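**Student:** So you can see what is in the structure, the chains are spelled out below.
2 protein chains.
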Amino acid sequence: MIHSNKNNSMFVPEVVVQRIPIYIRILQEELKYGNTVISSKNLGKRLQMSSAQIRKDLSYFGKFGKQGQGYPIEFLVEKLKIVVGLGQKWNACIVGTGRLGQAIINYPGFSPEGFKIVAAFDSNNIKLDSSADSIPILGMESLSKTIKQKSINVAIVSVPALEAQKVIDLLVFEGIKGILNYAPISPKVPNGVVIRNIDPILSLQSMTYYLKES
Amino acid sequence: MIHSNKNNSMFVPEVVVQRIPIYIRILQEELKYGNTVISSKNLGKRLQMSSAQIRKDLSYFGKFGKQGQGYPIEFLVEKLKIVVGLGQKWNACIVGTGRLGQAIINYPGFSPEGFKIVAAFDSNNIKLDSSADSIPILGMESLSKTIKQKSINVAIVSVPALEAQKVIDLLVFEGIKGILNYAPISPKVPNGVVIRNIDPILSLQSMTYYLKES
Numbered sequence: 038m039i040h041s042n043k044n045n046s047m048f049v050p051e052v053v054v055q056r057i058p059i060y061i062r063i064l065q066e067e068l069k070y071g072n073t074v075i076s077s078k079n080l081g082k083r084l085q086m087s088s089a090q091i092r093k094d095l096s097y098f099g100k101f102g103k104q105g106q107g108y109p110i111e112f113l114v115e116k117l118k119i120v121v122g123l124g125q126k127w128n129a130c131i132v133g134t135g136r137l138g139q140a141i142i143n144y145p146g147f148s149p150e151g152f153k154i155v156a157a158f159d160s161n162n163i164k165l166d167s168s169a170d171s172i173p174i175l176g177m178e179s180l181s182k183t184i185k186q187k188s189i190n191v192a193i194v195s196v197p198a199l200e201a202q203k204v205i206d207l208l209v210f211e212g213i214k215g216i217l218n219y220a221p222i223s224p225k226v227p228n229g230v231v232i233r234n235i236d237p238i239l240s241l242q243s244m245t246y247y248l249k250e251s
Numbered sequence: 038m039i040h041s042n043k044n045n046s047m048f049v050p051e052v053v054v055q056r057i058p059i060y061i062r063i064l065q066e067e068l069k070y071g072n073t074v075i076s077s078k079n080l081g082k083r084l085q086m087s088s089a090q091i092r093k094d095l096s097y098f099g100k101f102g103k104q105g106q107g108y109p110i111e112f113l114v115e116k117l118k119i120v121v122g123l124g125q126k127w128n129a130c131i132v133g134t135g136r137l138g139q140a141i142i143n144y145p146g147f148s149p150e151g152f153k154i155v156a157a158f159d160s161n162n163i164k165l166d167s168s169a170d171s172i173p174i175l176g177m178e179s180l181s182k183t184i185k186q187k188s189i190n191v192a193i194v195s196v197p198a199l200e201a202q203k204v205i206d207l208l209v210f211e212g213i214k215g216i217l218n219y220a221p222i223s224p225k226v227p228n229g230v231v232i233r234n235i236d237p238i239l240s241l242q243s244m245t246y247y248l249k250e251s
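Those protein sequence lines, which keep their order, are chains A and B. Every number in the numbering used here is 37 more than the matching position in the first sequence, counting from 1. Every number in the numbering used here is 37 more than the matching position in the second sequence, counting from 1.
Zero decoy hints are in this set.
It does not matter which identical chain is used: a pair holds within one copy or between any two.
Once the Cα atoms are required to be at most 35 Å apart in a straight line, the calculated DSBU-like pairs of lysine-lysine come out as:
1) LYS203 - LYS153
2) LYS93 - LYS82
3) LYS214 - LYS93
4) LYS203 - LYS225
5) LYS225 - LYS116
6) LYS225 - LYS185
7) LYS126 - LYS249
8) LYS185 - LYS82
9) LYS182 - LYS214
10) LYS249 - LYS214
11) LYS214 - LYS118
Simulated from the structure, these hints should not be mistaken for lab results. In this text the structure is predicted, and so the values were computed from the model without any measurement.
From just these sequences and the hints, can you work out the full model?
**Tutor:** Here it is as structure tokens:
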């Protein structure tokens with residue numbers, strides 16, 4: 038939440054932006070159940086939020102549904118997808134092809150959501166095993182050229198903590214504006230670059246706050 | 038943020054709870070730089086927040102430092118660690134030992150932070166390769182017994198999406214109160230169980246919101 042910089046003109050609070058993908062996922066699940074409309078009350082139950090907050094969140098992006106009739110799910114999903122940029126395709130590269138990097142490369146969930154990993158980089162030129170998709174693993178010296186050639190706009194960083202800031206600086210220098218960082222550090226990025234940190238330790242620590250007292 | 042349930046008496050907003058581990062990490066970095074005190078202004082710069090918000094956040098947990106003198110870093114770190122339950126050790130198990138599960142088992146970051154993975158479970162009894170630590174991989178039929186024997190209080194779920202809710206229900210049934218979920222679903226848990234979802238897709242989607250307009 039705190040690691041990104043806002044560069045859009047209409048200000049939507051970042052906590053709201055971070056909830057949109059969750060709205061999309063839950064609405065898609067409702068569609069699978071065969072539902073076509075959902076009330077702000079039921080949507081609130083799914084997200085453990087008040088219906089007033091749900092209505093406020095969604096009002097940032099337009100007027101959906103009529104008073105007392107609930108939201109039309111399919112229409113809302115389509116609209117929210119465009120809001121978060123899922124109307125376009127994103128080419129991603131990954132830096133760091135250790136065990137975690139390989140797990141990420143083989144994760145089947147990115148592609149259906151519009152994110153395609155088109156190149157992998159590693160300072161050690163570690164070989165992927167045969168179960169990996171046919172993504173070329175290149176040395177770091179190919180980074181600059183490949184980012185341009187393959188129109189890469191998002192980077193995933195899965196290098197050790199000590200190398201992460203250096204790698205992130207390099208990616209920023211090469212024009213990458215969106216970084217998903219798996220290294221357990223709090224990286225610094227300049228304004229205009231958005232970074233998200235995937236950090237299980239932070240999640241665990243904010244969880245044990247609740248467990249210690251029970 | 039939205040997937041946990043509060044069971045503590047003094048109410049601290051969950052967004053604040055989720056920031057505490059980030060405070061701890063940043064303060065520890067400041068200690069490494071040799072700093073002993075930090076102002077709310079500088080702490081705010083590191084977290085991209087206002088100094089007023091920093092002061093408000095920390096005031097939930099006590100009175101730290103004197104007006105105009107900044108926060109004593111070491112004292113604050115120790116206090117915040119206790120707040121999030123890092124004063125005690127947590128025994129964790131992991132369910133699902135595919136590629137991601139193996140990356141998690143081999144991740145060196147859990148142990149120094151007080152989380153020890155003491156058992157792994159898999160319905161397929163997949164063997165870990167030799168580089169893994171000596172964590173036994175057990176069949177699901179051993180779950181109940183092992184959770185009790187090894188005093189496991191936290192579980193990490195890294196099974197495929199389709200199996201995740203079933204596995205989470207089972208863990209809850211066995212008395213687990215804290216779950217770190219890597220499967221890309223929005224799992225349901227009863228009150229009193231805290232769940233955190235590690236979900237790169239949600240992070241990517243809330244990132245592209247900012248990128249699409251730039």
